[in-house]
Amino acid sequence: MPGKAQEKQKLIDKEEKRIDGRQLDELRPIKLEVGLLSSADGSAYIEQGKCRILAAVYGPREAHPKHLALPDRALLQCRYHMAPFSVEERKSPAPSRREIELSKVIREALEPAIFLEYYPRSSIDLFIEVLQADGGTRCAGITVAALALADAGIPMKDLIVACAAGKVEGKLVLDLSDAEDKLGEADVPVALMPTQEDAITLLQMDGILSLEEFEQAVNMTLNGCKQIYKLQKEALKAKYVSLKEETEE
Amino acid sequence: MSEIIAKVKQKQIAQLIAHGKRLDNRGVTDYRDLQIEVGLIEKAEGSAHVKLGKTEVLVGIKVEVGEPFPDTPEEGVLTVNAELLPLASPSFEPGPPDENSIELARVVDRGIRESKAITVEELVLETGKKVVVVFVDVYVLNHDGNLIDASVVAALAALLNAKIPNYVVEEGEVKKKTGYRQLPISNYPVSITFAKINGKLVVDPLLEEEQVMSARLTMTFDKDGNICAIQKGGGNGSFTIQQILEAAKTGQQIAAERRKLVVKE
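Chains E and F, in that order, give the protein sequences. Residue numbers for the first sequence follow my numbering, so the first one is 90 and each next one is one higher. Residue numbers for the second sequence follow my numbering, so the first one is 4 and each next one is one higher.
Just chain F, same shape as in the assembly:
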């Protein structure tokens, strides 16, 4: 994933940030414009297309009837997968998921799972035998930085958009009754990602900023402002405790604002 970036560009980015500015004229805690379109894939149970600046992510939700995990017989199953499509960036290659796409999927998964966004208990058709399996497939269409936040928002919007068949169990067989129901969603995780560049933190990094960052920090907040997932990654740098605690405070505020764009209550 490491693209070569010119030294002058590195210097420019660092100098701008030292003055509290960014390449695209944002301040260090300003987030890019977010556009969300839902329901554009009719064959999927739910879908959302998110544009975060020039970053584009499409999430499709598919559901199936399957078996629960043996240790959670009274819960439906959530599976998150992410594809870094070769059409999204010159640095993405076809082939089985690499560590970056696995990390992306697992961070999205952790936000949804740990905040209990999906009420998995309501997805049980027959305890221990048949449950609804929810597949969240993250499709990265264009990479201009901060894929995690765009994917988390897209996943949440797609889950909220999802309508699943009315399954019923009759004599041990699963049948679909007419009509559809909403997926049971009870929490709204939103992640906020920071990049550390020359010792300073900036929110929602551009691709060029990610190419010069020394480390990345993603914090996912639930609807009550609690932290439900954290992932540090993206380079060979480190954070001080003060930076992390400050990021948590800033992130909590930004997450609350961003959530309003996805969840209209």
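This is chain E alone, in the form it adopts within the complex:
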């Protein structure tokens, strides 16, 4: 398919710059905000490139339905959902199979960080709403969900931070955009806990990578995660700085 090949050529230019002007190992611009929804126990918002995602946490509260409650720890319930207008063609608001799978892997990525055993018989409910999707929504969703959990005061071992690397036109790149994800050769999303010796809590891959490329890709994500982790901590602090200013006025 010559048309497709031409289209692909454009993703990385001769100077190894990507279509949005980034270097191969450069993250998209990230903006984080914590505690912006008043009804939720904790909330956060992320903009990563064109991704716009809201996360809210309710709980620990009574588990619903009740039979799901666990005798020895809290239940973490997670819903990853995309708004119908978040993508080019309207997405039906009913949960797709992809969303159900992502809700599961995101929950399993966050669970290792949370001291669920502190709240037996209760439920911690996490809602991730993708308002605009631009590649890497599961990773941005995890990054923002960790902030919402922290904002809700849920005790955690560490923040969870996530980031993807992939292969585009034969080159390994960090933090794929939508076009790079769709036209690229591979995508490796990773989530980890930086202070727990980089314990990896989410790892997926699709595409084709040799073992060596895979190792490099994972190492790239470690680097990306470190940068995002800094931003997460700043965003958490920023909320309390602004609170302090308000009370002093």
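Keep in mind that a hint or two might mislead.
The list that follows gives simulated cross-link-like pairs (lysine-lysine, DSS-like), each with its CA atoms no further than 27 Å apart [as the list claims (entries may be wrong)]:
1) 106/E - 139/E
2) 14/F - 260/E
3) 178/F - 65/F
4) 193/E - 119/F
5) 193/E - 133/F
6) 180/E - 133/F
7) 246/E - 14/F
8) 180/E - 132/F
9) 155/E - 10/F
10) 260/E - 315/E
11) 271/E - 119/F
12) 133/F - 65/F
13) 54/F - 166/F
14) 46/F - 65/F
15) 133/F - 271/E
16) 65/F - 14/F
17) 246/E - 193/E
18) 328/E - 246/E
19) 271/E - 132/F
20) 226/F - 271/E
21) 226/F - 260/E
22) 319/E - 139/E
23) 99/E - 119/F
24) 10/F - 246/E
25) 179/F - 166/F
26) 54/F - 246/E
27) 119/F - 260/E
Hints are computed from structural coordinates only; laboratory data are not their basis.
Chain E is fixed; fit chain F onto it per the hints.
For chain F alone, coordinates are given in the frame of chain E:
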């Protein structure tokens, strides 16, 4: 899916693994016996029944003529579905697919799709209008651990077994000519699953091992030994980078051996 397991059993499994042993006398990197029977469902275009130890999975392939997706007008369609039948385990319930069966189907799908196992370009009857749609239905008959690997092998064996009608388009209508042809298969994805128990990785976990594992890692390898799909799941644990890279190396070797049992070239 969380069955209650006795503390003594948990301890036993952990102690055995600490000594490099397993409940069924395997070593930590030993795989269970694999039996494959193909073509047992005559009404399906392809079928395979796989026994991995006591785990049993049946896969049936059905094909239909349908429309391609608008963004891939020159490709046939692959659809994978998985059913965790209530007869397969006391913890499976009837009803619409839950997250476990959706995850299973999507991991099987990813292995087949990303390795380009099916040459979907050869399934086009009329560009943008009519293509062959391949349905892979995974039927779990007995659950004794590692459903993913058993399902991936069964799906691959069933695809290799499949014979589809000779469709032709005449004056805009799809007709079946006499005879059948093989599905165009050009890659052979094989997945290898590890369970992390007490900080150690074991390959091809039993159900009882899955009940005590803290996390699961599945890596799917194509015929050239490249990784084509990964899924971490199955609990609230994590992996170190070293564990993942080691699993990739071990998995690549085991996958190459296991592939010989499915693909006889």
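So, going through the hints one by one against the coordinates:
1. 106/E - 139/E: Status holds; Cα separation ~18 Å.
2. 14/F - 260/E: Violated, at about 46 Å.
3. 178/F - 65/F: holds, 17 Å
4. 193/E - 119/F: Between residue 193/E and residue 119/F the Cα gap is close to 26 Å, so the pair holds against 27 Å.
5. 193/E - 133/F: violated, 35 Å
6. 180/E - 133/F: Holds, at about 24 Å.
7. 246/E - 14/F: Roughly 26 Å separates the two Cα atoms, so the pair holds.
8. 180/E - 132/F: Holds: residue 180/E and residue 132/F sit about 22 Å apart, inside 27 Å.
9. 155/E - 10/F: Given pair residue 155/E, residue 10/F holds - Cα atoms ~26 Å apart, limit 27 Å.
10. 260/E - 315/E: holds, 22 Å
11. 271/E - 119/F: At roughly 15 Å apart (the allowed maximum being 27 Å), residue 119/F and residue 271/E satisfy the hint.
12. 133/F - 65/F: holds, 16 Å
13. 54/F - 166/F: This hinted pair holds, its Cα atoms lying about 23 Å apart.
14. 46/F - 65/F: Since the Cα atoms of residue 46/F and residue 65/F sit roughly 9 Å apart, the hinted pair holds (cutoff 27 Å).
15. 133/F - 271/E: holds, 24 Å
16. 65/F - 14/F: violated, 45 Å
17. 246/E - 193/E: Holds - the C-alpha atoms of residue 193/E and residue 246/E are around 20 Å apart, at most 27 Å.
18. 328/E - 246/E: holds, 20 Å
19. 271/E - 132/F: At roughly 23 Å apart (the allowed maximum being 27 Å), residue 132/F and residue 271/E satisfy the hint.
20. 226/F - 271/E: holds, 24 Å
21. 226/F - 260/E: holds, 22 Å
22. 319/E - 139/E: holds, 20 Å
23. 99/E - 119/F: holds, 24 Å
24. 10/F - 246/E: Holds, at about 26 Å.
25. 179/F - 166/F: holds, 13 Å
26. 54/F - 246/E: Judged against 27 Å, a Cα distance of about 41 Å means the pair is violated.
27. 119/F - 260/E: Given pair residue 119/F, residue 260/E holds - Cα atoms ~20 Å apart, limit 27 Å.
Checked against the numbered hints listed earlier, the structure breaks hints 2, 5, 16 and 26; every other hint is satisfied.
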